[in-house]
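Produce the entire structure from the sequences given, and follow the hints as far as they go.
Below are the chains, spelled out letter by letter.
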Amino acid sequence: MIDPQDPIHARFELVAKEAQTLTFLPRATELQANAVGQVDEFLGELAMRKAECAQAGDEAAANALLAMELSLRAVREELRMWIALKEDAPEKAWDTLVSAEDLCSFAVSVRAQIGVETRGLENLAKKLLAIERLVFPPQVFCSVGGRVNYRECSICGEDYETCHHIKGRAYMGQQCHVKLSFGDLREVSLVSTPADKRCCLTHFSDQGKMRNRMTWRLEDSPPESSPTDQGV
Amino acid sequence: MDTRVTDFVNVRARAAELRLELKSELAILPRHFEDANDSAGLAHEAEASTLRKVLDDAGLAVQQLEPPTGRLAIVVEHTAEWVLPVLFVGSMLLTQNSYAIQVALSVLGSYAADFLKGVGATQEVKLTVVVERTRAGSCRRLDYQGPASRVKELEGLIRSIQDDRSAGSDPRSV
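As you go down the protein sequences, you meet chains A and B in turn.
Okay, so the first sequence: first residue is 1 according to my numbering, each after it adds one.
Okay, so the second sequence: first residue is 1 according to my numbering, each after it adds one.
Hint data in this document are derived by calculation from the structure and do not stem from the laboratory.
Small disclaimer: the values here were computed from a predicted structure and weren't measured.
Keep in mind that the hints are not guaranteed to be accurate.
[To be verified] Result set (DSS-like, lysine-lysine): computed pairs, CA atoms no more than 27 Å apart in a straight line:
| # | chain 1 | residue 1 | chain 2 | residue 2 |
| --- | --- | --- | --- | --- |
| 1 | A | K179 | B | K126 |
| 2 | A | K127 | A | K209 |
| 3 | A | K127 | B | K126 |
| 4 | A | K179 | B | K152 |
| 5 | A | K126 | B | K126 |
| 6 | A | K17 | A | K179 |
| 7 | B | K152 | A | K126 |
See the structure below:
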């Protein structure tokens, strides 16, 4: 367990506060880029400390450090989103926004598990959702559906149906996820609430060209490797 | 919160018909349990295993209904809607272990609430509980849609369903 007096707490608060001061569109791009670098640097420290705790078998400390890591990564992605928007790279901005939303959700889950206050992150989640709805144009989302025969647990690498790990929970500083093996991919549907908001329509044909749904520019053809490479 | 109570098939008889082993008083039913022709038409919801593990973790023995050999497929639909699988509550559980359903609802509500906190939007959960009223197998289905924080309040309704053995189809809101 991390001592409440451990300087890492104060350092985390400071880095997070400074970064969040810059998570607004009008803030100077160079300051936002600098903040991303500072967050990255501190994430490196957190990773080393987390590895030490995991090595020592201190699961409570490792999970607390994971919660810090996920929270900071969410803030870093929000900074990257604003930078990308100012660089006229809206698809990249969209991807980083969705990453920020996902990381925020993961961070809340881990903080709730270890009994740490989540209100700040809940507010961040609401802010990110507001950005999604007010800053970006409406998206058309896709979703795949099917039957899965096997799900692999990210913690132990075993069958998720029989292992004891629970998706979303933290174990020795790692959050449990499942990797799907589709036995029968049945459909790709257009949905309003997808699990992965990066799965969205990026272009449609218009006047013999392709209309970019994000920028609304007419393009000769969609890029071969779009920034939203998980889009369709 | 909205709840709706309707009739449901006799779970023990239907499980036997589908060659599924029902051994526990608290079980997770697969999708299409009521209308599948055979077990090949059944599949568990994506969250079924997680739900079972979360309840296990709280000390509740929960069975995920499966055939004696092999196991059912899992349905994955990549939407963010939070749909919990159908939970079967046997008649003996309600009479012999009065705390079990209270604990189960509390654990489910907390798990869903923690998940939804990080999503930003005010989202609701959908939960279906099938209540076995008598050992002979008469069952009723309770559908709930509402805040995760109020899932635990369903305990009273589940008990009233078991006690009210003559009630007809009764949509209600509490």
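Status of the hints after comparison with the structure:
no. : hint                 : verdict
1   : K179(A) with K126(B) : holds (25 Å)
2   : K127(A) with K209(A) : violated (36 Å)
3   : K127(A) with K126(B) : holds (25 Å)
4   : K179(A) with K152(B) : violated (31 Å)
5   : K126(A) with K126(B) : holds (22 Å)
6   : K17(A) with K179(A)  : violated (34 Å)
7   : K152(B) with K126(A) : holds (25 Å)
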